[in-house]
Each structure stands twice: as C-alpha cells, then as structure tokens.
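Given only the sequences and the hints, what does the whole structure look like? Please build it.
Line by line, the protein sequences are chains A and B. For any residue, its number in this note's numbering is found by taking its place in the first sequence, counting from 1, and adding 36. For any residue, its number in this note's numbering is found by taking its place in the second sequence, counting from 1, and adding 36.
The hints are simulated quantities; they were obtained by calculation from the structure and are not laboratory data. Positions of the beta carbon are idealized from the N, C-alpha and C atoms, including for glycine. Careful, some of the hints might be misleading.
The list that follows gives simulated cross-link-like pairs (lysine-lysine, DSBU-like), each with its CA atoms no further than 30 Å apart [unchecked claim]: (1) A/Lys159 - B/Lys124; (2) B/Lys159 - A/Lys92; (3) B/Lys319 - A/Lys159; (4) B/Lys124 - B/Lys47.
Coverage of chain B stretches by chain A, computed from C-beta distances (three or more under 8 Å per stretch; other residues unrestricted) [said to hold, decoys possible]: (5) 93-107; (6) 173-184.
Number of protein chains: 2
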Amino acid sequence: MIQKLIENIKKTNAPIVVGLDPMLNYIPEQIQKAAFAEYGETLEGAAEAVWQYNKKIVDAVYDLIPAVKPQIAMYEQFGIPGLAAFQKTVDYCKEKGLVVIGDVKRGDIGSTSVAYATAHLGKVTVGSQILTPFGEDFATVNPYLGTDGIKPFLDVCREEKKGIFILVKTSNPSSGEFQDRRIAGTAGADGTEEKPLYEIVGEKVAEWADSCMGDTYSYVGAVVGATYPEMGKVLRRVMPKSFILVPGYGAQGGKAEDLVHYFNEDGLGAIVNSSRGIIAAYKQEKYASFGAEHFAEASRAAVVAMIEDINRALEQTR
Amino acid sequence: MIQKLIENIKKTNAPIVVGLDPMLNYIPEQIQKAAFAEYGETLEGAAEAVWQYNKKIVDAVYDLIPAVKPQIAMYEQFGIPGLAAFQKTVDYCKEKGLVVIGDVKRGDIGSTSVAYATAHLGKVTVGSQILTPFGEDFATVNPYLGTDGIKPFLDVCREEKKGIFILVKTSNPSSGEFQDRRIAGTAGADGTEEKPLYEIVGEKVAEWADSCMGDTYSYVGAVVGATYPEMGKVLRRVMPKSFILVPGYGAQGGKAEDLVHYFNEDGLGAIVNSSRGIIAAYKQEKYASFGAEHFAEASRAAVVAMIEDINRALEQTR
Chain A
37 MIQKLIENIK KTNAPIVVGL DPMLNYIPEQ IQKAAFAEYG ETLEGAAEAV
87 WQYNKKIVDA VYDLIPAVKP QIAMYEQFGI PGLAAFQKTV DYCKEKGLVV
137 IGDVKRGDIG STSVAYATAH LGKVTVGSQI LTPFGEDFAT VNPYLGTDGI
187 KPFLDVCREE KKGIFILVKT SNPSSGEFQD RRIAGTAGAD GTEEKPLYEI
237 VGEKVAEWAD SCMGDTYSYV GAVVGATYPE MGKVLRRVMP KSFILVPGYG
287 AQGGKAEDLV HYFNEDGLGA IVNSSRGIIA AYKQEKYASF GAEHFAEASR
337 AAVVAMIEDI NRALEQTR
Chain B
37 MIQKLIENIK KTNAPIVVGL DPMLNYIPEQ IQKAAFAEYG ETLEGAAEAV
87 WQYNKKIVDA VYDLIPAVKP QIAMYEQFGI PGLAAFQKTV DYCKEKGLVV
137 IGDVKRGDIG STSVAYATAH LGKVTVGSQI LTPFGEDFAT VNPYLGTDGI
187 KPFLDVCREE KKGIFILVKT SNPSSGEFQD RRIAGTAGAD GTEEKPLYEI
237 VGEKVAEWAD SCMGDTYSYV GAVVGATYPE MGKVLRRVMP KSFILVPGYG
287 AQGGKAEDLV HYFNEDGLGA IVNSSRGIIA AYKQEKYASF GAEHFAEASR
337 AAVVAMIEDI NRALEQTR
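Structure (structure tokens):
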C-alpha cells in the first residue's frame with residue numbers, strides 16, 4: 037500500500053489527504069432532513085446523513101487526491117450504525133481507487149494488539165473462511181505501550197502489504213506535556229541537551245520502519261503535527277524512510293511554508309491532512325458563495341486551493 | 037459510577053473484574069457449531085458465538101463480581117457484527133447490575149476526543165433526540181496526547197457521573213521502552229534520581245482526578261500493571277484518590293501478594309482484572325474436569341479461587 041500511496045501521490049501531484057471527519061453540524065440540513073425522514077432521528081438516521089455527506093464529497097474530489105483519512109471516532113459516536121457508515125465509507129473510497137487511512141489511533145498489547153491489527157488491516161479466520169473485517173489500507177497507532185503494541189501491526193503489515201502511521205508528535209497544544217519531556221542520559225540531535233520523548237519515539241519508529249520496508253519507503257510511517265515545524269524538521273532526519281502523516285494544516289494553524297521540511301529531497305515522504313477545511317469548506321467565508329446546497333463543489337474548490345498552496349511552497353524551496 | 041463500583045465491590049467483597057476478551061479458540065466447539073449453523077462461517081457467525089459464550093459466562097459469575105471489562109479489540113476484529121456483540125454484552129452486563137468498563141484505550145484530541153467520550157460514556161444529540169451510543173460505565177484512555185485528549189472525557193464524566201482509567205504503567209514486558217524513561221530536571225519520589233515518565237503521567241492523573249471527584253474516590257482512575265509491583269507501590273501514593281485498574285494478574289504472571297500495595301488502607305482503591313484465567317478456565321489443567329461443556333461453571337470456580345487468593349493476600353497485610 038505504501039507503493040500505491042506513492043503512485044497515487046505522483047498521479048495526482050497532490051501530497052494531501054482529506055480527513056473524512058464528519059460532525060452532524062457540518063452536514064447541510066437537506067441531507068440531515070432526508071436521512072431523518074427515512075430513518076427517524078436515530079443513530080441510523082445520523083449514520084445515513086454522515087454516509088450521504090461523505091459520498092457526495094468523495095464523488096466531488098476523488099480524482100484530485102491520493103487518499104482519505106476517515107476519523108473513526110466521528111462514526112463511533114453514533115454507535116453501531118455509525119460504524120456501519122464508517123465501513124461503507126472505507127469500501128466506497130477503495131472502490132474509487134483511493135488509499136484509505138483509518139485514523140483509529142489504536143494501541144494495546146499482545147493478543148489484543150493482534151486483534152486491532154486484524155480488525156483494521158488484516159483478515160480473520162472463522163471456521164474454514166478467511167474474512168476481512170474493516171479493511172483499511174493504513175491505520176494510525178499509539179506508541180505508549182512500546183514494541184509489544186507495535187509488533188503485531190508490523191506482522192500484519194508485512195503479510196498484507198499494508199501500513200501504519202505511529203503517533204510521534206501530535207498537533208495539539210498540550211502534546212508537549214509528555215511528548216516534549218527531555219529524557220535523562222541521552223543527547224539530542226543537536227548534540228547539546230537531552231532528547232525529547234518524541235525523538236526517542238521517532239528513533240523507535242525508524243527501527244520498526246527498517247524492519248518493514250517497501251521498495252523505497254517503509255510500511256511504517258509517523259504522525260507529526262504541522263503545528264511544530266521545527267520538530268518536524270528534526271524528525272524528518274530521524275525517520276528517513278517513513279512517510280509522515282501531517283495533521284494540523286489549515287484549521288489548526290499549520291502553514292504550507294512550515295511543511296516543506298516534512299518532505300524528503302525526492303519530493304515525497306509526507307502527506308498533509310485537512311479535514312474541516314475541506315469537508316466543511318462551504319461554511320468558510322471564502323467558499324460561502326457555493327451555498328449549503330453545493331457543499332461538495334466547495335470541497336472540490338478547497339482541495340484545489342490546498343494542492344496549489346502546498347505545491348507552491350514546495351516549489352519555492354526546490 | 038465510581039460510587040456504584042465501590043458499592044458493588046463491598047457487596048461482593050471482591051475487588052476484581054472479569055475481562056470479557058473472547059478469542060474464537062476459547063469458545064467451546066458446541067457454541068461455535070450452533071452459531072455457524074445459524075449464521076454460517078461469517079463475521080455474524082463468529083459474533084454470535086462470542087455473544088453466546090459471554091452470556092453463559094456472565095450468567096455463571098455475575099453474582100460474585102462487581103464489574104466486567106470487555107476488551108473491544110476482540111469484538112472489533114469481527115467487524116460490525118463483532119461490535120454489535122460488544123454492544124449486546126455491555127447491555128446485558130448492565131442489566132445484571134454489573135459495572136461495565138469498556139477497555140477501549142481511546143486517545144485523541146479536541147472534537148475527536150469529544151466524539152470518543154460521547155461514543156463510550158456519553159450521549160449524542162440527533163435532531164431533537166438525545167441518544168446513547170455504546171453506554172459503558174467506564175472507559176480506558178491513553179494519555180500520550182496530554183490534557184487535550186483527557187479533558188473531553190473529564191467533561192463527560194462529570195456530566196454523566198461516569199469514569200475513566202488512564203494508562204499509566206502497562207503490564208507488558210516492553211512497557212518500559214517509553215514509560216520508564218527518566219525525565220531530566222525532575223526528582224523521583226525516592227528523592228535521588230529523575231522521575232520516570234509513568235510517574236509524571238501519574239502526577240497528571242492525580243491532578244485530573246482532583247478535578248473530578250466522587251464522594252471518596254475520583255471518577256478518574258489509572259491502569260497500572262500487576263507485573264510491576266514496586267512501581268505500583270509508588271503510584272498508589274502518587275494518585276491517592278484514583279482507583280487503580282490492575283491488569284496482568286494470573287496469566288501474565290502477577291501474584292496476589294504483589295498487589296496488596298495497589299490498595300489503600302480503606303481496603304479499596306484497586307480492582308484486579310483477570311481475563312483468560314477466568315473465561316477460558318476450562319482449558320487449564322486445574323479446571324479441566326469441568327470439560328468444555330461446563331466451561332461456565334469452570335469460570336465460576338476460577339472466580340471463587342481468584343477472590344479467595346486476593347482476599348487472603350489482603351488479610352495477611354492488615
């Protein structure tokens with residue numbers, strides 16, 4: 037899948053991913069009304085609205101982008117029907133040729149970690165049958181539990197040629213509370229002070245990545261927020277063979293100029309996510325003229341603008 | 037819910053929790069066969085087997101125990117049907133008066149964290165309706181993203197009087213890779229060296245716990261593995277108002293004697309989990325005489341033995 041991701045990026049010339057993180061208040065009233073008319077104001081009704089909204093956005097942007105990243109929490113909040121909408125979204129995006137990154141941030145140990153890896157990237161044996169549960173192409177994974185939590189994912193990645201993005205430095209304001217703590221008895225990449233925890237995690241990611249290589253990049257990538265560009269620069273060097281999935285562009289404040297150092301010299305190695313900025317574009321002043329009725333066209337315009345913005349910044353540094 | 041947990045523990049005199057972490061290979065053939073006969077060798081068939089297995093175990097042990105802890109990964113691996121079996125299990129255990137700890141180890145930020153908290157502990161608004169998604173009583177949460185990941189859970193806990201257990205020191209062999217790293221510029225509880233990360237996390241848990249108090253204990257608990265008793269002793273002091281959820285007893289090697297320091301002087305403050313040791317008891321030599329047909333009775337015998345084991349160890353230290 038890392039090969040498919042690279043091919044898709046080259047084909048679209050767009051190192052971006054659209055985060056399918058629907059909130060009910062993003063979804064235009066006409067879609068909510070139609071869904072509630074059919075299923076009532078129920079979890080099923082909400083899930084139907086989410087699915088119809090996603091479908092229209094995907095239809096409007098799929099030819100421009102390499103990948104989508106549905107955030108499972110946004111579906112999980114609508115219980116089983118919500119997760120069924122997640123499943124439909126994953127399946128539909130795969131049909132459209134998109135790489136699907138399940139933003140699930142799972143993390144556990146031993147047989148439980150095996151079960152999560154199976155659920156999202158693998159296959160499960162039931163009697164004489166081998167079945168696919170959710171079937172994403174990539175999943176995001178939390179590193180707090182160490183190698184015991186990661187290894188089962190590596191095994192499934194090798195088997196299925198799928199991939200993971202491990203949280204290293206997240207985009208949120210309080211990410212430093214633990215991730216930036218300086219570790220005693222180490223030397224930082226700059227040689228002068230103790231390494232922060234995120235760099236230690238980055239080094240482990242590089243190790244895991246080495247053990248799980250595709251042709252040029254590893255199946256093992258990392259999550260590094262757009263909001264910490266200096267750290268991104270360091271982590272790019274620490275994990276040379278890993279794709280970096282970059283949240284935090286746009287709504288969270290990350291700028292294209294800040295992101296150029298997340299890429300390698302081959303122009304690859306990073307994929308920048310935008311969620312709200314794309315899927316709820318029609319709510320921005322800039323795209324308001326589309327109106328709620330043409331929300332998907334607003335999303336398309338926002339995708340075009342994002343690709344231009346990032347490519348312009350990348351060209352300026354080449 | 038922390039009050040209900042305490043009441044249930046007092047009523048049963050059993051500071052334990054049964055981990056409902058079904059693997060297909062734990063489930064006796066007769067149950068699998070019946071489920072596959074009805075639903076085929078499908079995800080639905082596997083989910084039905086899991087549900088029937090759980091139901092029989094719960095029926096056999098519910099009067100002896102205060103709480104159960106279904107591990108969602110084990111259900112997620114069977115896709116949507118698996119998660120429907122998780123939901124059924126949660127609902128059934130609540131009907132039986134058990135406290136349900138959803139072992140979901142979720143962790144994300146901002147609106148995504150709100151969505152996870154809503155999914156597992158809260159209520160979601162759909163049109164004019166207020167609906168309950170999964171509806172567990174407690175959830176486990178990963179701290180790697182810092183306060184931004186925890187605060188939405190605290191808000192829901194206050195609103196719904198529910199609770200969380202935050203991963204502090206996990207029971208697995210590689211948990212030390214990141215969790216034991218010594219943090220520069222701090223002094224350990226023993227006064228001599230830098231604090232390990234898990235202690236820093238424990239201090240944050242204590243802070244969050246203070247902001248979210250029930251009558252005597254906080255809605256905010258912690259996960260500390262039975263396999264690291266010395267660390268458990270320190271963390272007990274660091275987080276005096278938090279219940280500690282203790283995995284790693286039994287199958288993973290944790291002994292009752294090691295666990296006495298996870299409790300406070302009031303005899304409360306910890307709840308010890310056993311999963312495989314209870315639900316697959318009939319596979320152990322000790323309980324083999326029950327046979328696969330009477331697997332649930334073997335589970336009951338294993339629960340009785342576990343309660344005796346822990347209470348004996350607790351009494352010896354009082």
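Do the hints match the structure? See the list:
Using a Cα cut-off of 30 Å, the hinted pair A/Lys159 and B/Lys124 holds, with the two alpha carbons roughly 24 Å apart. Distance restraint check for B/Lys159 and A/Lys92: the Cα-Cα separation of roughly 27 Å lies within the 30 Å cut-off, and the hinted pair is therefore satisfied. Between B/Lys319 and A/Lys159, the direct Cα distance comes to roughly 26 Å. Compliance with the 30 Å bound is thereby established for this hinted pair. Taking the CA atoms of B/Lys124 and B/Lys47, the gap is near 25 Å; set against the 30 Å cutoff, the hint holds.
With a threshold of 8 Å between beta carbons, the proposed coverage of the stretch 93-107 of chain B by chain A is violated, since 1 of its residues qualify and at least three are required. Under a criterion of three residues with beta carbons nearer than 8 Å to beta carbons of chain A, the stated coverage of the stretch 173-184 of chain B is upheld, 7 such residues being counted.
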